[in-house]
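Residue numbers (my numbering), protein chains in the order written: chain A, 1 to 516; chain B, 1 to 322.
Note that these hints are calculated values from the structure, not bench results. Every residue gets a Cβ at the ideal spot worked out from N, C-alpha and C, and that includes glycine. Just so you know, not all the hints are guaranteed correct.
Stated by the list, open to error - Derived coverage of chain A by chain B (criterion: at least 3 residues anywhere in the stretch with Cβ under 8 Å from a Cβ of chain B; other residues may be distant):
1) 214-223
2) 362-370
3) 450-463
4) 467-478
5) 484-494
To be verified - Below, a list of computed lysine to any residue pairs in the SDA-like style, where the Cα atoms sit at most 20 Å apart:
6) LYS359(A) <-> LEU317(A)
7) LYS57(B) <-> LEU317(A)
8) LYS215(B) <-> PHE233(B)
9) LYS359(A) <-> LEU302(B)
10) LYS402(A) <-> GLY308(B)
Spelled out from the first residue to the last, the chains are:
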Amino acid sequence: MTEAETNALVARHADVFNRPLTERLRGILIAAGISLYLVFAWWLFAIGQVVSGGNWEIAGAYLADWVSYEVRPNIDFEEGALTVSFPRFSPLGDDPKPDWLVTETAMVERRAAAGAGAAGQSGGAISGAGFLGALDDKAATKTEESFLGPVGGAAQALEPQVEAPATEPVVIRAEAVVRAEVSLGDGNHILIEPERVALTRDGETLVLDIERNVGVVAQGALPEWASQRAPGAKVIVRFGFAGRAEVEDDEVKVRRRFLGWENFVFDTRSPYWGKPASEVLRLVFLGERIEPGRSNLALAWDNILNNSEWQHGDVWLKLLQTIVMAFAGTVLASLLAFPLAFAAARNITPNRLANQVLKRIFDLLRSVDMLIWALFFTRAFGPGPLAGISAIFFTDTGTFGKLYSEALENIDDKQREGVRSVGASPASVQRFGVVPQVLPVFLSQSLYFWESNTRSATIIGAVGAGGIGLKLWEAMRTNQDWENVAYMVLLILIVVFVFDSISTALRHRLIGRQGG
Amino acid sequence: MTTTTRSPLLSDAGHAVERHWRELAGRRRLYTIGGLLFMVLAMSGSLWFANESNAGKFFDRLPYFFDFAGQMVPRDGWEIWRALFDLSSPYDDGSLKYNYPDGRIYFTETLYLPEYFYKMLETINIALVSTLVGFGFGFVLCFLAASNLMTRRWLRFFVRRFMEVLRAFPEIVIAGFFLAILSLGAVPAIIAVSIHTIGALGKMFFEVVENTDMKAEEGLRAAGANWIERVWFAIVPQVMPNFLSYALLRLEINVRASTIIGAVGGGGIGEALRLSISRNHEAKTLAIILLLFCTVVAVDQLSAWLRGRLVGKQAFAFGRGA
Numbered sequence: 001m002t003e004a005e006t007n008a009l010v011a012r013h014a015d016v017f018n019r020p021l022t023e024r025l026r027g028i029l030i031a032a033g034i035s036l037y038l039v040f041a042w043w044l045f046a047i048g049q050v051v052s053g054g055n056w057e058i059a060g061a062y063l064a065d066w067v068s069y070e071v072r073p074n075i076d077f078e079e080g081a082l083t084v085s086f087p088r089f090s091p092l093g094d095d096p097k098p099d100w101l102v103t104e105t106a107m108v109e110r111r112a113a114a115g116a117g118a119a120g121q122s123g124g125a126i127s128g129a130g131f132l133g134a135l136d137d138k139a140a141t142k143t144e145e146s147f148l149g150p151v152g153g154a155a156q157a158l159e160p161q162v163e164a165p166a167t168e169p170v171v172i173r174a175e176a177v178v179r180a181e182v183s184l185g186d187g188n189h190i191l192i193e194p195e196r197v198a199l200t201r202d203g204e205t206l207v208l209d210i211e212r213n214v215g216v217v218a219q220g221a222l223p224e225w226a227s228q229r230a231p232g233a234k235v236i237v238r239f240g241f242a243g244r245a246e247v248e249d250d251e252v253k254v255r256r257r258f259l260g261w262e263n264f265v266f267d268t269r270s271p272y273w274g275k276p277a278s279e280v281l282r283l284v285f286l287g288e289r290i291e292p293g294r295s296n297l298a299l300a301w302d303n304i305l306n307n308s309e310w311q312h313g314d315v316w317l318k319l320l321q322t323i324v325m326a327f328a329g330t331v332l333a334s335l336l337a338f339p340l341a342f343a344a345a346r347n348i349t350p351n352r353l354a355n356q357v358l359k360r361i362f363d364l365l366r367s368v369d370m371l372i373w374a375l376f377f378t379r380a381f382g383p384g385p386l387a388g389i390s391a392i393f394f395t396d397t398g399t400f401g402k403l404y405s406e407a408l409e410n411i412d413d414k415q416r417e418g419v420r421s422v423g424a425s426p427a428s429v430q431r432f433g434v435v436p437q438v439l440p441v442f443l444s445q446s447l448y449f450w451e452s453n454t455r456s457a458t459i460i461g462a463v464g465a466g467g468i469g470l471k472l473w474e475a476m477r478t479n480q481d482w483e484n485v486a487y488m489v490l491l492i493l494i495v496v497f498v499f500d501s502i503s504t505a506l507r508h509r510l511i512g513r514q515g516g
Numbered sequence: 001m002t003t004t005t006r007s008p009l010l011s012d013a014g015h016a017v018e019r020h021w022r023e024l025a026g027r028r029r030l031y032t033i034g035g036l037l038f039m040v041l042a043m044s045g046s047l048w049f050a051n052e053s054n055a056g057k058f059f060d061r062l063p064y065f066f067d068f069a070g071q072m073v074p075r076d077g078w079e080i081w082r083a084l085f086d087l088s089s090p091y092d093d094g095s096l097k098y099n100y101p102d103g104r105i106y107f108t109e110t111l112y113l114p115e116y117f118y119k120m121l122e123t124i125n126i127a128l129v130s131t132l133v134g135f136g137f138g139f140v141l142c143f144l145a146a147s148n149l150m151t152r153r154w155l156r157f158f159v160r161r162f163m164e165v166l167r168a169f170p171e172i173v174i175a176g177f178f179l180a181i182l183s184l185g186a187v188p189a190i191i192a193v194s195i196h197t198i199g200a201l202g203k204m205f206f207e208v209v210e211n212t213d214m215k216a217e218e219g220l221r222a223a224g225a226n227w228i229e230r231v232w233f234a235i236v237p238q239v240m241p242n243f244l245s246y247a248l249l250r251l252e253i254n255v256r257a258s259t260i261i262g263a264v265g266g267g268g269i270g271e272a273l274r275l276s277i278s279r280n281h282e283a284k285t286l287a288i289i290l291l292l293f294c295t296v297v298a299v300d301q302l303s304a305w306l307r308g309r310l311v312g313k314q315a316f317a318f319g320r321g322a
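Generate coordinates for the entire structure from the input sequences, incorporating the hints supplied.
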């Protein structure tokens, strides 16, 4: 393009190439204004401060909790021996013997007074302490004369316990755990011996000595995956996703993380727990009755519904409540808004006063937020889906009234005239002249809101209006049950997706693809 | 059609038409009746279930319903104004119920902003920031999701699914998660509402982009413009009014959403409302409801007016966006 051509082009479209200054600067000004506002908001909400003050370390653990679970064995140091115990509601059930925790036993000599409990528990090849055993241990060390025997699988291989007088130290030879190895995958492991813990991560080994009256002392410098607040204090060792360990002067707390939702179908109290699917099916359909009172199928179903960790029965009930809230609220609102919209449309009811009053009522219902209605009805009906239904009903009566009356005001008048011209009654005019035109639109709008109310119902549930929202909120508040949150979110997403598809499909059938 | 003198009889063809019409009408009636029956059953089942699983039963609670409404009436009408503008109350007995002046936010010695106005502004700012953030991200993402601009199917698919997940993910869970990390306050609410807004606006935006006139884009392509130039100079000027209109619509929704998130710990007016309702502070409750109502109406009107100027009548077409 030559210069002359360029000049000609500029001359021809002078308004494009020489815009006024304000117009040229408008974009920059708007961008600057928005940036200034965002800076102001940053200051107003102290975003930088809040974000940097956040507990981000714990965020990783919470997120990991969504899809994984932890097993937390405790390894106590007992005079020259170790005691391995699991907390009471361990996902591995009572008396677990996981293959990632290997123990070695040996005969050890020790004083009876302190070792009575520990010696009593050194059961099988693997740390024999069941959860009752672990509790007994604590009791036994405190009150020397009350010795409670170990329970369950721990009971074999015991040296006969001498009833030693507490005053006189008696040396007992007993079999006890002297070495425990926790494997964390990828060659990482923790080797625990009395007074000495060796932790290996990525080929690097950290050796910690437990010194009496000093505490935990590291041999050499701590690697970056381990931390200690003060000399002698506990050392926290991180193994990434696989878990972490806290080494204290009297115990090692191991947290071993596994991918998956533990005990999702049956909890540890169920007779079906820990059995493979084929075995469960065989038991359910072919096996002998486990409980004489009812069939195995009924027992299995009951065990699933009352799973103590996942609470399937309750979650499903609450989800159904949410669905019902959205459905009933939307239907009731549509039913009430339908006649009201006819009265509010100025071409159907030629009464300005009635039109205006109804329209203002619709505005009021719509503008008083769903939240306010929800709080209000929660006070009136008590927490539960009735409050949610009422809140959705009130808000959506306003919304539907407005949308419906607008649709009515936009109808084609010819059909009405046609029906009226053959002498039809006013009711027939509406029935055959108006309703066929607007019904698909009405239904489509109701369907659209049904779907979006399913989402809203979740949120207003959290303020007490019933349904899964409240359950979700309670699960989140404890900060422990993020896997339950994930489960409920998954269910909600499925429900929203299914309803979205149903509503879209129905709407397309009603008003064609353009109806959006 | 032939007729005889005695009675109008249809020809065979006429009979066929008649029979066919009856069949169609009968089937249609059957569908209608079936549909209605289904709806009636579903509704009664739903209502029964809702009533059964509610804490208070509907008919037990109904007689007391207006008692509660009666409890909402303050001692005198001026109390509402005093609560709204933080004026001291003649009934002040030192309790939380009448401590209106305590919440004042002072600018100078005498000039102050009443507590609830401040909280309302906080909620509006949450909505505004979230809408801006959502607009920014939605703007970038929508061009990657539009089938007329993005030829890589996998990327389009990925972006669309991503936005769907953002949209459908319950806001309450995002808010709850960040409340656990960042402690109570407005920032978790901003994050939660923003994330939802990105998904919702992104979907609206890419649908607008897919309906644009591609001639300008073709012209630029012929002149050798790259992808970003084509989008910026051919598509953006066309879609900007619609984008802004949707963003304003979203702002209305976000004001409501941030109120609700506020009620579960996100700060702002929602929290104040929940506290005052649960503590039976009727004057404060009514003051907040009044303020909230006026704000929502004002925001709706302002946004409707702006949308009317931006895109004309189309702005009021059906669809609030989910």
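Results of checking the hints against the structure:
1. 214-223: Since 0 is below three, the answer is violated.
2. 362-370: The restraint on the region 362-370 of chain A holds, since 6 of its residues have a Cβ under 8 Å from chain B and three suffice.
3. 450-463: holds (count 8)
4. 467-478: holds (count 5)
5. 484-494: As far as the region 484-494 of chain A goes, the hint holds, because 4 residues have Cβ atoms under 8 Å from chain B.
6. LYS359(A) <-> LEU317(A): violated (38 Å)
7. LYS57(B) <-> LEU317(A): holds (17 Å)
8. LYS215(B) <-> PHE233(B): Between LYS215(B) and PHE233(B) the Cα gap is close to 12 Å, so the pair holds against 20 Å.
9. LYS359(A) <-> LEU302(B): Given pair LYS359(A), LEU302(B) holds - Cα atoms ~18 Å apart, limit 20 Å.
10. LYS402(A) <-> GLY308(B): holds (17 Å)
This entry does not satisfy hints 1, 6, going by the numbered hints stated previously.
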